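Visitor: Sequence:
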Amino acid sequence: MRIMLVGDVVGRAGRRAFRAITPRLRAERGIDVVIVNGENAAGGKGFTRKALDELYAGGADIVTSGNHVWDKKDVFAFIEEEPFLVRPANYPEGTPGKGYCIFPFKAANIAVLNLSGRSFMPALDCPFQKADEILAGIEGQADIIVLDFHAETTSEKLAMGHYLDGRADIVVGTHTHVQTADERILSGGTAYITDLGMVGSHDSILGVRKDIVIQKFRTGMPVRFEMAEGAAEYAAVIVDIAADGRCAPTIERVFLCEEN
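Per this note's numbering, the sequence shown starts with residue 1, numbered consecutively.
Hints were generated in silico from the structure; no laboratory data involved.
Keep in mind that this is a model prediction, so the values were computed, not measured.
Worth double-checking, as some hints may not be accurate.
Stated by the list, open to error - Each computed PhoX-like pair below joins lysine-lysine, with the alpha-carbon atoms no more than 20 Å apart:
hint, residue 1, residue 2
1, 130, 98
2, 216, 45
3, 73, 98
4, 72, 50
5, 45, 73
6, 72, 98
7, 50, 73
8, 210, 45
9, 72, 45
Sequences and hints are given; from them, build the entire structure.
Guide: Here is the structure:
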């Protein structure tokens, strides 16, 4: 099975690039399942119905999120009804939505988990303990287990990768919007990368207009972020994995830039 995991889709430029590039990659690379982080899809923060539907129309099978999941109030109208939209599982009990889903593909069931880190992030329940809880709860129900760990620091993401090594099949980090070059198969057989990167304007700072971010750093004053437009970058990884675990997985980093 070939699974593509795509970094944070940021704003209108990111949605456009995702819709344009994902179908081509699916066809050219024989992608079976696409998992994408969409928490920045609507104006750089959160989900609207339109933004989520654009991700599905572009080829997303499962959409993960992070700390911006609640930034658009629209999400409360549909998050409970979306079987393959997940939010960080370590929000407190009773939070709307779900922290994982099980996606059926042919004869295999793919469990996709979403967790948020705690270093320099909103205070949530322990992601390590929550991962243990979910894995225990889905034992025997999933052939492949995937985690999107939405976290700020490389150390926390690496810690999670090694903590789940051999128990999860794929662990990827999201949130920083800058793709890391450390894709690897960990010693226990888990495919890992510290951060997938983003799908968003290439001539930007994390998808935001450069001048606005520079102004904030230079002056220390509050600014209103506006998403950058123009040609986009597209960052992802492709993981080849056998549902029966008989073959070692492989992981390949993808980084594309649209022409201006």
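Visitor: Evaluate each hint against the coordinates.
Guide: Cross-check of the supplied hints:
no.	hint	result
1	130 / 98	13 Å, holds
2	216 / 45	18 Å, holds
3	73 / 98	17 Å, holds
4	72 / 50	12 Å, holds
5	45 / 73	11 Å, holds
6	72 / 98	17 Å, holds
7	50 / 73	13 Å, holds
8	210 / 45	17 Å, holds
9	72 / 45	7 Å, holds
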